[in-house]
Structures are given as structure tokens and as C-alpha cells.
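Peer 1: In case you want the letters, here they are:
Protein chains: 2
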Amino acid sequence: MTVTASRVQDIDDLDVTKSVRSRDVSQAVNRLTALVADDMERVNATIIENMQSDVALIPQLAGYLIASGGKRLRPLLTLASARLCGLHEGDEAVHLAASVEFIHTATLLHDDVVDDSSLRRGAASANAVWGNKASVLVGDFLYSRAFQLMVADKNLATLKTLANASAVIASGEVAQLTTANDLNTNHRDYLDVIEAKTAALFAAACQVGGEAARAPWPQVAAIRDYGYNLGMAFQLIDDALDYSADQEKLGKTVGDDFAEGKVTLPVLLAFEAGDDEEQAFWRRTIETLDQHEGDLERAKALIDKHGALRGTVEAAERYGAKATQALNQLSPSTGAAQEIREALENVIAFCIGRGH
Amino acid sequence: MTVTASRVQDIDDLDVTKSVRSRDVSQAVNRLTALVADDMERVNATIIENMQSDVALIPQLAGYLIASGGKRLRPLLTLASARLCGLHEGDEAVHLAASVEFIHTATLLHDDVVDDSSLRRGAASANAVWGNKASVLVGDFLYSRAFQLMVADKNLATLKTLANASAVIASGEVAQLTTANDLNTNHRDYLDVIEAKTAALFAAACQVGGEAARAPWPQVAAIRDYGYNLGMAFQLIDDALDYSADQEKLGKTVGDDFAEGKVTLPVLLAFEAGDDEEQAFWRRTIETLDQHEGDLERAKALIDKHGALRGTVEAAERYGAKATQALNQLSPSTGAAQEIREALENVIAFCIGRGH
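Chains A and B, in that order, are what the protein sequence lines are. Quick note on our numbering: the first sequence kicks off at 7 and runs consecutively. Quick note on our numbering: the second sequence kicks off at 7 and runs consecutively.
Treat the hints with care, since some could be wrong.
Copies of the same chain look alike in the list, so a pair counts if it fits in one copy or across any two.
Heads up, simulated DSBU-like pairs for lysine-lysine below, C-alpha to C-alpha not over 35 Å straight-line [claimed, not checked]:
| # | residue 1 | residue 2 |
| --- | --- | --- |
| 1 | K328 | K77 |
| 2 | K166 | K77 |
| 3 | K166 | K268 |
| 4 | K160 | K328 |
| 5 | K268 | K77 |
Just so you know, these hints were derived from the structure itself, not from any lab. Note that the coordinates shown come from a computational prediction; the quantities given were computed from them, not determined experimentally.
Okay, chain A solo, but in the shape it has when bound:
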């Protein structure tokens, strides 16, 4: 059995969201998008308007990344959270969603510089096209723009939430620099890294939606918890996909994490379960980055042998279950909010079932 086949098996086994059959999984985000389509159009217009500049390179570079798009999951979460918490009008949620996307785009630009990545979402990364310098500076610009957009709405709660999230993201990225090639990283340290890298912004994206709605704290806390756990599940699956995905379909370079010696959960689980010879293999390839032809295949085989992808997906499922629990604490009062809640529940399955 190949690693990829094993991975498909893993996903087919998923049982997190029983109401969603796996073939429906990819429709979950589309459904959410449809529910907030009017606001999402305004988010896109806000994004385009606010990345304009007399300096032509800024809209060129920012537009390249933003247009290549992905599913705009984070701004969707902001819009959906605001609606779920009872906000149905005004520009604030739209501005916040655009700010969240700007912060996300800024971190992607800086990440690609830090990781020397050449591919992003299946196309050449911005730094590969325009160089590292432009990526650093346009990232800074988008980050500033995010705060400018937020300031206009005069809501200190949301400003605080996104400033805090940004600090957590940056400090987590620095932590990842220092733990990148250390197989003695424990699971807690790994989880801290993915929390900072992904879950912090997912959590903040949801929280600011609740804050824009001026919802009471227990409601804001619940939607924040949902975002946090969804983000953890999302990143765990991302780390699994780096050893299993269909490259063309996923639009990322499979094996990047391995090439960079990133210590992710699939590697940690395979390393911990490995015998002396296998551990020596991991130390050579991950810690000293002494890699040769066939090493990625060997890594995949060892990950398969020890069920490390299965273990990673199971960890994602546990976070997915917590995300569902958090949603259950919210009691929508209207049919429209109920639809949003169901769509958010289905997004959990989408995140875990990505790449299929």
C-alpha cells in the first residue's frame, strides 16, 4: 500500500462530522461562501480598494497573491462569526474580514521569504517573481493597511484582538526558526508552533466577528474557541499533507517541510516509534539536513510504517471535535444563524478532509 493510498484511507475513515459524507466535504466552504456572498463581495472590493497605491509594485504584488486566492477561509470566518452573533448590517465586519486577509497575506509574504519557498498555491511565490525585498516591504504595507482599516471603525476590542494575534504569530514564527531542526521538540512545543502559525489567526478572525457584533463574552469566547480548534486541525492536516498530498491538486510543493527539516507531528511520531537505525535516518535528514535522493521516499515509508499520518489526522480530529463542541455552546435564535452554524460545522470536516 502506498503512503498516498493509506492517506486516502485515513480520510475515508473520518467520522468527525457524521452529517457530512466525505464527498460533500469540499462543498462545505462553498456553502458558507454562498451564505455570506453579499458581504464577501464587499470584502473583495475593500481588499482591492485598499491595496491600491501610487507605487505600482504594491497592487501588482499584493494582487498577485490575493487573486491567486485560495478559499478566503479566514475572512469567511469573520463574516460568518459576525452573522452568527447577530450582526447583519454595517461595514465593520467587512473591514475586519479584509484586515484579517491582509494580515494573513502579509504573513504569507514574509513566510515565503523566511522559508525560501518557490511555490505558493500551485504558482510561483511572490518572492520568486519579485524578490525577497519586495515581499518583505509589501508585507509590511499590508500589515499597516490592516490596522488603518480597523482604526476607521473605532472598535478597540477588535484592534486589541488582532494586534495580539499578530504578536503571537510573529513570536511563533521566531520560535519555529529556533526549533526547526530539533527532533527533541516535544509535542507541546510543536502544538505551540502551530497554534501561533495558524490557530491564533483563525481564532482572532472569529473573535473579531463576535466583537463587531458586540456579542456578550461567553458568545465571543465560544466562537473564538471554534476558530482556535479549527485552526489547529487545519494546520495538523497541512503538516500531514506535506508527506502525502497530490502536489498538483494541493498547489504546494510536497516535501517542503522535509527539505527544510521542519519538525512536524508526522515526523515526530515516526521518529519516536522508530528503531535506532530509523532514528539515525531522521537525525541525518532533519537535524543535519544531509539529504540524498530517495530520502523523501524513505521518510514517507517510515511515516507510513508507524501510522504517523493516521496519528496526525487523529490529533486533527480531536481538535475538530472541540471545534464542534464550541459551536454547540452557541444557540442561534434565527433560521439564518442556524444555517451559518451548520455551515461552520461542515467547514470542520472540510479542513480535515482537504486535498481530496
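With chain A held as given, fit chain B onto it using these hints.
Peer 2: Just chain B now, with coordinates in the frame of chain A:
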């Protein structure tokens, strides 16, 4: 006459602030520092407290740059502006001054990555010690911390001012990337670049001081104008020093701008006044970066021949005069404020007389 001698002559001629003899110039910042010494101590404590992190690399790298220090001119301007506008208590000006220094430090970290600089203030730059990746990410962290600090004081005016300044800075840096090697840059474009690079943060540093004091707009506008014009003068002199300074004394690599093909005012003035052969020299060295031994000396000689340093210093003097005018619009009501105003006036002469 050597270029350096000519430069000294330029400075000796300075007449901007008649009350300050040039040998007293370097004391101007010290005097301002003494006037706000109690607050400045709290700023330093705030800076140290807020650059702490579980991630050891963050305080290491940030502390390296912040400790190497310079004169902390920007936070000084914030504290002095707040006092001048009547604010004598509370933490807000202290937080803002620390935020301004964090934003400045973040831009320095990113600039050094963008410029591939190896020296900063006479020591190895942070990117030379810890690498570009760490510099990008710690810069992001400090930038986020600046906003976290500001949010705590719940003043939307200051948040807006520094978010706007940050956007201007980033967009100006991108503009500089695209005009770096173009001798057809006109003076207005050059001034836009230095406005974004330096004057925008000087202006904002002063403005937030006035806003923290809840001063009426004409007063805030005047102190902002002072900061803006001081920043323009400061950067013009910085660009002159790159062709004339005593490297050890200045703590920067003389000739960096030339090596990078930066189109600064000394170069523009020499280029515009040059004959065909001289213009060909500038095109070869600045536009195509085809540089050989002796080219920097030739560049300095041409700049000297056409009085281009004198022209640059004169431009700085004009901004210095406007900074003085802006200060004159403020009418301090107390002796303490009068002392601050005089010290701010002397800082203009310091900025123009730097490097001596």
C-alpha cells in the same frame, strides 16, 4: 581641497539656529534628554519589558539593536511634544514613545534585510549576526508589540496616526526599490522617498505626543510640522554624510548608498550639473552598478566639484527653517515648556550638524 574638508566648511557655515554655535550642536539632544530624563527612563523600562518573550531569540535580537541605541531621537520627540503640549503625567506618552521606537526598530531590521547591510551604528547589523529570517520576523514582532502597547491606552487618534505613518513608511520603501537606480528620478520623487523613509515617523512621533496631551488641532498640527521638517532635514544630511562622513565617528558604512546605486540628492545634483562624460560615469555606476576601484573617490570628487553637498545641506537648512517656524507657532505658557521648546529648536541644529 578634499571632499571632507569641503563638508566641514559647509557645516561651519550653518546659520539656521543662530543661538547655537556649531560646537554646542552635539549637546542639543543631550539637553532635551535631560529635560525629559524621568520619562525617558520609563520609556527604556517599557521597551525592555515589552521585548521580553519566551522565545529567547526575540529579546536577544531586539535588545542587540535597541541597546546599540543611537540617541533615541524619535521617542525623545514624542515625550518632548507631549510635555510641550501640556501633558505632565500618566503613562500614555511613555507607551507611545516606546511604540515609536519599536516601529523604528522594526523598520531598521527590515531595511537592513532589504539593503543587505552589514553594519548598523558602527557594529555588525542584526541580519549579519542572526540572519535575514530572524530579522524579518523579529521586526514583525516589534511592530505588533507597538500596536499592542498603543491599544492599551485606548486613544484612537494615536493609533490612527501611527498606523498611517507605518503605511507611508512601507509604501515609500517599496517606491525606493523601484527608483533605486534611476537617474531620471526628479527632485520631487526623491523628496517623497525621504519623506516616507524618515520624515513620516518623525512627524508621527511628534503628533502622537500632542494627541496624547489632547491638545487642540492647530497645536498638534504645528508640532507635527516641526517633526516633519526636522525629519526631512535629518535625512538630507544623512544622504550627504554617505559621501562625506568620517566612518568611525558616524558608525555607518560610508559609500553604502553609492554601492547600492541609491539616487540621493548629492548624486542627483552632481549628475544634473555634469557634462556628458560625467553623466556617463553616473549612469555606469548608479544605473548599471558597474563599479570599479576608485569609482567612489571619483563620485566624491564630482559631488565636490559641483557643490552638491553644499546644495544638499542648503536643502536641509530650508527644512530646518520651516521646523523653526512650526515651533514658533506654539506659545508655551510655562517656563518648563519654554525650555522644551528651546531644546527642540536646538535639535534642528543638531540634526543638520551631525557627524561633527
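Peer 1: None of the hints should be skipped; say for each whether it holds.
Peer 2: Cross-check of the supplied hints:
no.	hint	result
1	K328 with K77	within (23 Å within a copy, 51 Å between copies)
2	K166 with K77	both (26 Å within a copy, 30 Å between copies)
3	K166 with K268	within (31 Å within a copy, 38 Å between copies)
4	K160 with K328	both (33 Å within a copy, 34 Å between copies)
5	K268 with K77	within (25 Å within a copy, 40 Å between copies)
Checked against the numbered hints given earlier, this structure breaks none of them.
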